[in-house]
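Start from the sequences, fold in the hints, and give me the full structure.
Residue numbers (this note's numbering), protein chains in the order written: chain A, 1 to 331; chain B, 332 to 976.
No wet-lab data here; the hints were simulated from the structure. Even glycine gets a Cβ: it sits at the ideal position worked out from N, Cα and C. Just to be clear, a hint being listed does not mean it is correct.
[Stated by the list, open to error] Facing chain B, from chain A, some residues (calculated, C-beta under 8 Å):
(1) F106
(2) S134
(3) R135
(4) I143
(5) S148
(6) A151
(7) H211
(8) G227
(9) R229
(10) I232
(11) H234
(12) T239
(13) N264
(14) P266
[Said to hold, decoys possible] A short list of chain A residues far from chain B (calculated; beta carbon distances all over 10 Å):
(15) A24
(16) I50
(17) G57
(18) G86
(19) A107
(20) P109
(21) A157
(22) G268
(23) Y324
[Unchecked claim] Computed, partial: chain A to chain B, Cβ under 10 Å:
(24) A23
(25) G31
(26) S108
(27) L112
(28) C149
(29) P169
(30) E171
(31) Q175
(32) S178
(33) D273
(34) P276
Each chain, written out:
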Amino acid sequence: MTEQPIDRREFLTRCTQAGLSVAAAGALGIGFYDGKAPPALSETTETVQIPDFSIAGMSGKICIARGTSQGMDRAGTVRQAFDALGGMKAFVKPGERVLLKVNAAFASPPALGATSHPDLVAAVVRLCLDAGASRVIVTDNPINDPASCFALTGIDAAARLAGAEVVIPRESLFQRFSVSGGRLIRDWPVLYAPLARVDRIIGMAPVKDHHRSGASMTLKNWYGLLGGRRNIFHQDIHTIIQELAMMIKPTVVVLDGTQSMMSNGPTGGSLSDLKPTGTLIVSTDPVAADTVGATLLGRTAADLPFIAKAESIGAGTADYRSLYLKEIQAS
Amino acid sequence: MRIVTTRRTSQIFFFLLFLWFCVVSSLGEQWWQLRGWPVNWLIQLDPLVGLGTLLATGTLYAGLLWGLLTIVMTILLGRFFCGWLCPFGTLHQAVGWLANWGRRAPWRIAANRYRRGQKVKYTLLVFLLGAAAGDLIRRLIAVPIQTPYLAAAIVVVLLMFGIGALRLRTISGGRWVTSIAAVAIGWVVLSLFTDGSRLLAASLQTGLLDPIPLFYRSVNLTLLPLVDGRLISLSVASRFYPGTVAIGAIFWAAVLLNLVIPRFYCRFICPLGALFGVLGKNALWRVGQRADGCTACGDCDRYCEGGCEPSAVIRTPECVMCMNCLADCRHGVMGYRLDPSAAGEVAAPDISKRELVAFLAAGVTAVPLARLAGMTGDAWNPTVVRPPGSLQEEEFLQRCIKCGQCMRVCPTNVIHPTGFQAGIEGIWTPMLNFRMGTSGCQHGCIACGNLCPTAAIRPISIDERLGKGGFEARGPLRIGMAFVDRGRCLPWAMDRPCIVCQENCPVSPKAIFTRIEFRPVRLDGDLRLRGMTGNRLTFDGPALPSDRFATGDYYVSLDGYPGMIPVRIVNIGPGGITLEDHPFTANAAEEDRITLLVRLQLPYVDPARCIGCGVCEHECPVKGRRAIRVTAENETRERQHRLLL
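What follows is the structure in structure tokens.
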């Protein structure tokens, strides 16, 4: 076999190919060179703001509607309560977008009273739409499986039938957020996307016993806007409720004490945990609303340290009699 | 319409039907969710599911009767299921078609020739059925001991036949008598040996390789979670199934082997295909050649899906009835007719009697071997919490086909495939993992049992689950019980208030209750009373940061005054500690030692109330290894796991 000498053309081709390959490898290596190790925790750069949803002229108004008997009609009562404070038009202007932060925490039927009653949710949705709201969104970040919670509580069907949009939380809807002046809600995932799309926010909560904090009402209800491992905040429950009051300045809150969960809260699970208390509160002051709600559970504001804490940061007052107070008998 | 077009239409229809059933197995109220769709129909049509559970349990559960239709049609028509219906087969056919695009005829003809290895599927079938039949065989073996007269009668009758044949001087008569005598002696000896042994047991493992459960499992657990996004939105939260690597690997291996040999799985592995091969060996109609006209061109072998060699002596049990040979034969020789093939047929599967016996024996003895580990007895694994309504473990293993329907439908994604936690038999059976998913096992949910095609998880009612209506006396169904790990629990071990578990316990009255305890706080030095004005207390000693101690959970008390009730700290400022009221005894003196206390609610579990739903474990803020964990202790389904009197 004779050896074939390399010809000039082939020599040049091979040299060019080798040269280009070396250059490409070198360029890639130098291009991606990084002399520093990555940081321990990637810093979040986005800082979102949650606006103040309250209406300046409406502060300090509360209406306590009491029913005449058991079997109070939630839809009629909430309408009368709003009317006593100037009607829903005083809170929602035509064209505004409204968020209803309901309590849909548990996958249990409405009769067990662990969640916002669908009749009440539907009634408030209709009030908002009648007042001219361009869009009403209903949301919560429940404890049990979100889809099951919205379905089984009846909130999903009722709200959609009344004309609202139901937002079931997904990871992409959360954004990291810090409460200014807060200690616990620092760089924490918050159900931000629905908040960013609205002009007004209405908090809706039932009156429930809660072993750790004493009671779960409108202030505790904002817990459902937190994401992530929010359960670690139970170590300091009263401070987290205080910071939630700093985070959300609602337009108005609706506290449903038509029946109250007296024991075994906040999950309930039995009709015997409930007691008809025939009271429904509409208030622009969530602290005042919770103070009234506490009495339905046979407790006082002093039993619930979070009330004083929320008061101390200016979220409202426990002295609800000092406010513009309407007490009505629901018919 | 050409027969091949009809066949393709049928395949596409059933393939899409399969995918549709996978998609709609989501709990919800939309029309494309589980609203009465017969999502188990293909599983029910699979006669291996019916036959396996029938052998293992002695009953044919509800919808599995559909399998009878498939069996009858196979006996009449041959392996139509493989070529016309089976979605897994359709996938293989499509992949093989794509993978071998442009290959030339000689390669194809070589790839489609019959191979000895195709008998492996029959051995697998026999092995798996042997494993399922263990209990039945145990009962048969026990006959001479338990009903000796019946056994003796059977033997005597058979012997009479043999002796009669001997009298007629047939050659086989002698063999008859000796073999019957040998079987009878073997029977008695075996029954004596195995009497009292509970180890000869049935275990349904057909689902490991049965193509319908295999395909469901693969799609539900390894494919749908990957494509579940914006376009195909099946669940709100991403779904996770630990340990699915093996399921996915087997699936992709089966798919990619089509690159080597088309329909590799169908030809070599599939036990369902093997069952059809056995059933269809005497099919009334079969594919074969006409008497004359064959030029031996080999075109019929080119696209043969079954590897059954239609060009020569056709192997009927291997024919999947793709009908490609009918379409490809340019001489009109191939047909699907009542007459046998002119070139001859091999009707029986290519498996010898001794292979049959060997693999049957292997299957029957494999289960007792596995049971020696004791996982269904004293060595049961308490971390394997089965879904609500699951049968007692041994019966559960006789029914579960590992199809993953329960894992697919579970709204909280808490049902996961078991690895080796339940022993080798329990692989890919459902177990609950409360660290994952969107919640624990929701106690108002009965989806898994109502979807289970074999009733390994019984279709319970809400009333049965909750212990209401007619079930009040028995109480709610328990799938396990929660145990507080006091070494990890925030209040128990670290003096930090928490009780998230108590808050989320869904039963009423709550199974988790608390006891209050005041514990002294660890400080760098003593606190001494300096003075008291109204509710305000001044002290000497280490600083008490208000963001730590003025949270509403901290209290003070004075040493040396027994019976004094601790008083809550409302605020801590430069002027001292503000207390909730003015508690201290009048004779409290300066320099008295103050104890700073934290008020803890310590969680306890009431075993009489806990149903093992695992919501507490799911919500526990100690996220790694939870401080409250559910194990299968006290579960309703196993009496021997009972905890209370």
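Is the interface hint satisfied for A151 (chain A)? The criterion is a beta-carbon contact with chain B at less than 8 Å. holds (6 Å)
Given I143 (chain A) as an interface hint, is its Cβ closer than 8 Å to any Cβ of chain B? Holds: closest Cβ of chain B sits about 6 Å from I143 (chain A), inside 8 Å.
Beyond 10 Å from every chain B Cβ: check whether that's true for G57 (chain A). holds (33 Å)
Interface hint for G227 (chain A), Cβ within 8 Å of any Cβ on chain B: violated (12 Å)
Please verify that hint: A23 (chain A), Cβ, nearest Cβ of chain B, below 10 Å or not. violated (38 Å)
Holds or violated: is the Cβ of H211 (chain A) closer than 8 Å to a Cβ in chain B? Where the cut-off is 8 Å and the nearest Cβ of chain B is about 6 Å from H211 (chain A), the hint holds.
Please confirm whether G86 (chain A) is truly not at the interface, meaning its C-beta sits more than 10 Å away from all C-beta atoms of chain B. holds (36 Å)
Would you check whether S108 (chain A) satisfies its interface hint, that is, whether its CB is within less than 10 Å of any CB in chain B? holds (7 Å)
Are all beta-carbon distances from Y324 (chain A) to chain B longer than 10 Å? Its Cβ never comes within 10 Å of chain B, the nearest being 28 Å, so this holds.
With a cut-off of 10 Å on the beta carbons, see whether Q175 (chain A) makes it to chain B. violated (17 Å)
Status of the S148 (chain A) interface restraint (C-beta, 8 Å, chain B): Since chain B brings a Cβ to about 5 Å from S148 (chain A), closer than 8 Å, the hint holds.
Please verify that hint: N264 (chain A), Cβ, nearest Cβ of chain B, below 8 Å or not. Where the cut-off is 8 Å and the nearest Cβ of chain B is about 5 Å from N264 (chain A), the hint holds.
Checked against the numbered hints given earlier, the structure breaks hints 2, 3, 8, 19, 20, 21, 22, 24, 25, 31, 32, 34 and satisfies all the rest.
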